[in-house]
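Chemist: Dock chain S against the given chain C, drawing on the hints supplied.
Chains as they are written, first to last, in my numbering: chain C, 989 to 1133; chain S, 989 to 1133.
What the hints contain is simulated information worked out from the structure, not anything from laboratory work.
Hints are not guaranteed to be accurate.
Below 20 Å or equal to it, Euclidean Cα-Cα: the simulated EDC-like pairs (lysine to aspartate or glutamate) are [claimed, not checked]:
hint : chain 1 : residue 1 : chain 2 : residue 2
1    : S       : K1082     : S       : D1115
2    : S       : K1128     : S       : E1008
3    : S       : K1128     : S       : D1084
4    : S       : K1082     : C       : E1066
5    : C       : K1082     : C       : E1066
6    : C       : K1082     : S       : D1029
Sample of chain C residues facing chain S (criterion: CB under 7 Å; computed from the structure) [said to hold, decoys possible]:
hint : residue
7    : D1029
8    : T1070
9    : A1079
Glycine included, every Cβ here is placed at the ideal spot set by N, Cα and C.
Number of protein chains: 2
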Amino acid sequence: MPRIDLDRIEQRNATGYPAEHAALVAGRWVRRLGPAHGLSDFGVSHVVLKPGAASSHWHEDEDEFLVLLAGEAILVEEGLRTPMAAGDMAAFPKGDPNGHHLVNESAADCIFVAFGRVPTGDCHYPDIDMQWTGGAYRHKDGSDF
Amino acid sequence: MPRIDLDRIEQRNATGYPAEHAALVAGRWVRRLGPAHGLSDFGVSHVVLKPGAASSHWHEDEDEFLVLLAGEAILVEEGLRTPMAAGDMAAFPKGDPNGHHLVNESAADCIFVAFGRVPTGDCHYPDIDMQWTGGAYRHKDGSDF
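Only chain C is shown next, with the shape it has when bound in the complex (with noise of 0.2 Å):
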């Protein structure tokens, strides 16, 4: 059955981040929705962001995609402010150090779904002394957790 039935994909809000960082991600809820239907070639993420809640990245070595499904969020880039509405898109092409965030100032839950490849190189977090190098989070210095 091609059609995706999220109630029957495991909703997860747990993070790896190191724990003075963890209560950023707290209201970001993640399905996994390629592994449970057979896909391999590309990850896709099904994210709810509680109002208040946030995202923020980029990848060395992944090109990344988003669709918003439903309510708002603010795509915020270096010094750039983008509203984001249901139906709306947004690319980033990997290495493109303008790291990209996605707040949801909204009073009401922000829906979303994210493809790229999955990860195998670093990531950069620009808003938070935070990096994942070498199979770790790592401060930006390089220094553990």
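Modeler: What follows is chain S alone, placed relative to chain C:
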């Protein structure tokens, strides 16, 4: 600017289909979103299916994922019709020979976004006497159009 501005992306209903099958997809208007935004990991097509239009195929070696943005469509598989509406999603793992078929039987446009790797292998069209094989459209028995 990561947010997709559809008005800036060319919309085409051109097809490489042989003349006898081209009418099938005349009501299918496609925008390729990936290249316009520097994405190369996977393809993203924004598709408008006019009332009565259909799309149908399966790939040997590419996963595919659809997100319905507006309108309605019937997802037709062998012996199964599944109505889909805005916000619904569907996943099609590579190699599954149960060809999928999206038909707009409504009176309004149906709009969806399709994700997949850039196809390199053969592609099959279960409902018409056509296949993409060896870099060309051919009849199912391998003969030329």
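Chemist: All hints are to be evaluated individually against the structure, with a verdict given for each.
Modeler: For each hint, the structure was consulted:
no., hint, result
1, S:K1082 / S:D1115, "18 Å, holds"
2, S:K1128 / S:E1008, "14 Å, holds"
3, S:K1128 / S:D1084, "17 Å, holds"
4, S:K1082 / C:E1066, "39 Å, violated"
5, C:K1082 / C:E1066, "17 Å, holds"
6, C:K1082 / S:D1029, "9 Å, holds"
7, D1029, "4 Å, holds"
8, T1070, "5 Å, holds"
9, A1079, "4 Å, holds"
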